[in-house]
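If you read the sequences in order, they're chains R and U.
Residue 146 in my numbering sits at position 146 of the first sequence, and the numbers go up by one each step.
Residue 151 in my numbering sits at position 151 of the second sequence, and the numbers go up by one each step.
Each hint should be verified, as a subset may be incorrect.
[Said to hold, decoys possible] The list that follows gives simulated cross-link-like pairs (lysine-lysine, DSSO-like), each with its CA atoms no further than 27 Å apart:
| id | chain 1 | residue 1 | chain 2 | residue 2 |
| --- | --- | --- | --- | --- |
| 1 | R | 51 | R | 191 |
| 2 | R | 87 | R | 213 |
| 3 | U | 135 | R | 213 |
| 4 | U | 191 | U | 180 |
| 5 | R | 180 | R | 191 |
| 6 | U | 191 | U | 90 |
| 7 | U | 90 | U | 135 |
| 8 | U | 135 | U | 87 |
| 9 | R | 180 | U | 213 |
| 10 | R | 191 | U | 90 |
| 11 | R | 213 | U | 213 |
| 12 | U | 135 | U | 213 |
[Said to hold, decoys possible] Chain R residues, not near chain U, derived (Cβ > 10 Å throughout):
| id | residue |
| --- | --- |
| 13 | 27 |
| 14 | 38 |
| 15 | 222 |
For the record, the hints were derived by calculation from the structure and aren't laboratory data.
The beta carbon of each residue, even a glycine, is placed where N, CA and C say it ideally should be.
There are 2 protein chains.
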Amino acid sequence: MPDSRPIAILGGTGPAGMGLALRWARAGETIIIGSRDAQRAQEAAANIKNKSGDNARVSGMENSAACSAAGLLVLTVPFEGQATLLKQLKPAIRAGSMLIDATVALAAGVGGRASRTLGVWQGSAAQQAAELVPKGVSVAAAFHNLSAELLNGDQAIDCDVIVCSDDAGASQFALTLAGKIPGVRAIDGGKLENARILEQITALLVGLNIRHKGHGGIRITGLPPEAYR
Amino acid sequence: MPDSRPIAILGGTGPAGMGLALRWARAGETIIIGSRDAQRAQEAAANIKNKSGDNARVSGMENSAACSAAGLLVLTVPFEGQATLLKQLKPAIRAGSMLIDATVALAAGVGGRASRTLGVWQGSAAQQAAELVPKGVSVAAAFHNLSAELLNGDQAIDCDVIVCSDDAGASQFALTLAGKIPGVRAIDGGKLENARILEQITALLVGLNIRHKGHGGIRITGLPPEAYR
């Protein structure tokens with residue numbers, strides 16, 4: 001597992017990216033917050049350090065620089081920015097990198113509802129990401145269903161993370177990182193194409209949150225103990 | 001709640017229908033098992049009675065007769081039979097009936113995988129059902145994600161049932177019936193259009209069951225107590 005290898009969170013100044021950075025910094029990971037704006041990234045990194053303690057290893061960089069500095073990438077941008085950012089970062093992404101995509105194609109991105117999704121030609125935002133990364137970069141889909149608000153708090157999170165990938169290494173990367181978030185159980189969800197369902201679940205949870213005023217998550221029940229990491 | 005009003009389970013001799021019938025018969029509901037074949041329906045009803053005790057009120061009828069005898073309908077057929085059955089039953093369905101649809105458009109229905117779904121023009125199998133029932137019949141989507149094998153057992157079920165409907169009455173009918181299955185919590189999932197996500201979750205669970213050898217279900221976490229019935 002990456003322990004000493006830095007993890008770049010691209011688009012990491014948004015609520016989901018900040019929450020993941022906080023949890024992983026607390027778990028001892030080396031985190032690079034990526035942003036379009038290097039200064040904003042550095043401010044976000046300082047913010048994470050404040051919350052996670054002086055020993056936390058968190059820095060901030062412009063997204064391309066973050067890609068150059070890390071082979072482990074996590075993408076947490078709104079869907080409407082995903083393709084543009086990946087095309088822009090293509091020259092900066094190192095050969096052999098692994099990318100975890102957490103993008104959900106919410107209709108809110110085009111002025112619609114956050115409880116509805118857009119159809120993505122490739123089947124899912126994660127599959128779009130897989131098409132846009134340089135050859136040889138492997139992609140896993142994960143972390144769609146974690147409440148950003150809960151991630152940015154201090155409590156254990158009552159939610160499972162399902163990981164979908166066609167690559168064993170990327171899958172393992174995501175499963176391990178998921179297991180570092182207190183309360184979270186990581187579950188191998190099979191092929192990357194299944195990401196479309198994880199993405200839809202986010203829209204369902206958004207709808208439930210609006211209707212019931214909560215911070216919804218999901219647990220998968222009924223699997224044998226060895227299915228949960 | 002319907003307590004004394006009979007509930008017809010159409011296509012009720014399949015594993016899901018039998019499991020629901022068993023659980024509701026045990027909860028004191030009056031159940032009519034519907035099937036293409038009246039004799040098969042009666043055998044299934046006898047089977048349920050055997051498992052749920054002599055006081056159970058369970059009978060079996062041909063599907064059309066079941067519709068004529070009950071205003072509360074639950075549809076548990078494979079997707080590939082859904083539209084044909086609803087068209088056939090249209091004259092038999094009573095005005096003002098409520099229908100709960102549990103159909104999932106698994107690709108297995110056309111020779112594909114049960115871990116993948118087919119696209120349904122209306123958005124979901126439940127919305128297709130809503131288009132095919134007689135005017136004035138209200139539709140709710142529910143019970144997609146309960147393991148048929150667990151339903152046919154004796155244990156409480158570690159799974160939530162999310163109910164989607166555009167009609168308050170149909171929604172209440174489904175929420176109340178869900179709450180009668182030991183272990184199950186019922187959650188209002190909003191409009192019928194959201195059924196597409198419930199249907200997709202079934203495919204995800206099928207995939208997880210194959211991969212991890214389990215009987216997967218889902219729990220929604222993080223909502224306030226009053227969201228769970």
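Hint check results:
Only pairs whose Cα atoms come within 27 Å are accepted, and residue 51(R) paired with residue 191(R) is rejected, the gap being roughly 36 Å. A hinted pair counts as satisfied when its Cα atoms are at most 27 Å apart, and residue 87(R) with residue 213(R) does not qualify at roughly 37 Å. Between residue 135(U) and residue 213(R) the CA atoms are separated by roughly 34 Å; this puts the pair beyond 27 Å, and the hint is violated. For a cut-off of 27 Å, the pair hint linking residue 191(U) to residue 180(U) stands: about 22 Å separates their Cα positions.
With a C-alpha separation of about 22 Å, the suggested pairing of residue 180(R) with residue 191(R) holds against the 27 Å cut-off. Among the hinted pairs, residue 191(U) with residue 90(U) is consistent with the structure: their alpha-carbon atoms are about 23 Å apart, no more than 27 Å. A C-alpha spacing of about 10 Å is found between residue 90(U) and residue 135(U), which places the hinted pair at or below 27 Å, so the restraint holds. The hinted pair formed by residue 135(U) and residue 87(U) meets the criterion: a straight-line CA distance of about 13 Å does not exceed 27 Å.
A distance of roughly 25 Å separates the Cα atoms of residue 180(R) and residue 213(U); the hinted pair therefore holds under the 27 Å criterion. For a cut-off of 27 Å, the pair hint linking residue 191(R) to residue 90(U) is broken: about 40 Å separates their Cα positions. The straight-line distance between the Cα atoms of residue 213(R) and residue 213(U) is roughly 35 Å, outside the 27 Å bound, and the hint therefore fails. Using a Cα cut-off of 27 Å, the hinted pair residue 135(U) and residue 213(U) is violated, with the two alpha carbons roughly 43 Å apart.
Every C-beta of chain U lies more than 10 Å from that of residue 27(R), the closest at about 21 Å, which supports listing it as non-interface. For residue 38(R), the shortest C-beta to C-beta distance to chain U comes to about 35 Å, beyond the 10 Å cut-off, and the non-interface label holds. For residue 222(R), the shortest C-beta to C-beta distance to chain U comes to about 4 Å, within the 10 Å cut-off, and the non-interface label is violated.
Checked against the numbered hints given earlier, this structure breaks hints 1, 2, 3, 10, 11, 12 and 15; the rest are met.
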